[in-house]
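**Student:** Residues per chain, in single letters:
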Amino acid sequence: NAGVTQTPKFQVLKTGQSMTLQCAQDMNHNSMYWYRQDPGMGLRLIYYSASEGTTDKGEVPNGYNVSRLNKREFSLRLESAAPSQTSVYFCASSLRGGAAGELFFGEGSRLTVL
Amino acid sequence: DAKTTQPNSMESNEEEPVHLPCNHSTISGTDYIHWYRQLPSQGPEYVIHGLTSNVNNRMASLAIAEDRKSSTLILHRATLRDAAVYYCILRGRDDKIIFGKGTRLHILP
Numbered sequence: 224n225a226g227v228t229q230t231p232k233f234q235v236l237k238t239g240q241s242m243t244l245q246c247a248q249d250m251n252h253n254s255m256y257w258y259r260q261d262p263g264m265g266l267r268l269i270y271y272s273a274s275e276g277t278t279d280k281g282e283v284p285n286g287y288n289v290s291r292l293n294k295r296e297f298s299l300r301l302e303s304a305a306p307s308q309t310s311v312y313f314c315a316s317s318l319r320g321g322a323a324g325e326l327f328f329g330e331g332s333r334l335t336v337l
Numbered sequence: 076d077a078k079t080t081q082p083n084s085m086e087s088n089e090e091e092p093v094h095l096p097c098n099h100s101t102i103s104g105t106d107y108i109h110w111y112r113q114l115p116s117q118g119p120e121y122v123i124h125g126l127t128s129n130v131n132n133r134m135a136s137l138a139i140a141e142d143r144k145s146s147t148l149i150l151h152r153a154t155l156r157d158a159a160v161y162y163c164i165l166r167g168r169d170d171k172i173i174f175g176k177g178t179r180l181h182i183l184p
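Protein sequence lines correspond, in order, to chains A and B. According to the numbering used here, numbering within the first sequence proceeds without interruption in unit steps and concludes at 337. According to the numbering used here, numbering within the second sequence proceeds without interruption in unit steps and concludes at 184.
Keep in mind that the hints were calculated from the coordinates and are not lab data. Glycine included, each C-beta is placed from N, C-alpha and C at the ideal position. Don't take every hint at face value.
In silico contact screen, one side only, chain B against chain A (beta carbon under 8 Å); selected entries [claimed, not checked]:
no.	residue
1	Tyr111
2	Pro115
3	Tyr121
4	Phe174
5	Lys176
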């Protein structure tokens, strides 16, 4: 069972470069999320998508864009990377919106911006 | 967004029960209480959730206060593998799921 798959797992960028983090889930989930986690910190919500075709800002959306390409895929784009975006990024999905849905997380993508 | 408050860290001895507290005084009537844990170098994983009644599963128990302003995650017999960061979150209908800093649980052999 693949669950939530993130690519790439590791990436090093130079300041100003752009890149896209990919996330795909094979559980037919409606809701998908992108979080970042800085060393020794909790998770902070960047963007989320309650259903195909909709996206909403989370706690820290500045510097990021997202695309809910279809029900399976939710990508996160950094248009001009900055050192402050060095972090571990986690994608998550949930079967349904609403309060009882369990979140499933990917293994994370570790991004370093020099 | 409703917020939760947890202690930064806790310690427990191996093979003893662990009670992890969480305060959520601004919880709304439709918010579910969820617990996740994050092992080192891994993504968070679901532990348990509940609305009003206490809940049990193979991993843990969740005790919810009568006024729902606090809850406690109970690990009945801690092992070294339970050392992790535990997050208590509130999940409402708006799908915006906010994590706090969680509680780092240390297990002493």
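**Student:** Decide, hint by hint, whether the structure agrees.
**Tutor:** Outcome of the hint check:
1. Restraint check, tyrosine 111 of chain B versus chain A: the minimum CB separation of about 7 Å is within 8 Å; hint holds.
2. The interface hint given for proline 115 of chain B is violated, since its Cβ lies 12 Å from the closest Cβ of chain A, which is over the 8 Å cut-off.
3. This hint holds: tyrosine 121 of chain B has a C-beta 5 Å from the nearest C-beta of chain A, less than the 8 Å allowed.
4. The interface hint given for phenylalanine 174 of chain B holds, since its Cβ lies 4 Å from the closest Cβ of chain A, which is under the 8 Å cut-off.
5. Restraint check, lysine 176 of chain B versus chain A: the minimum CB separation of about 4 Å is within 8 Å; hint holds.
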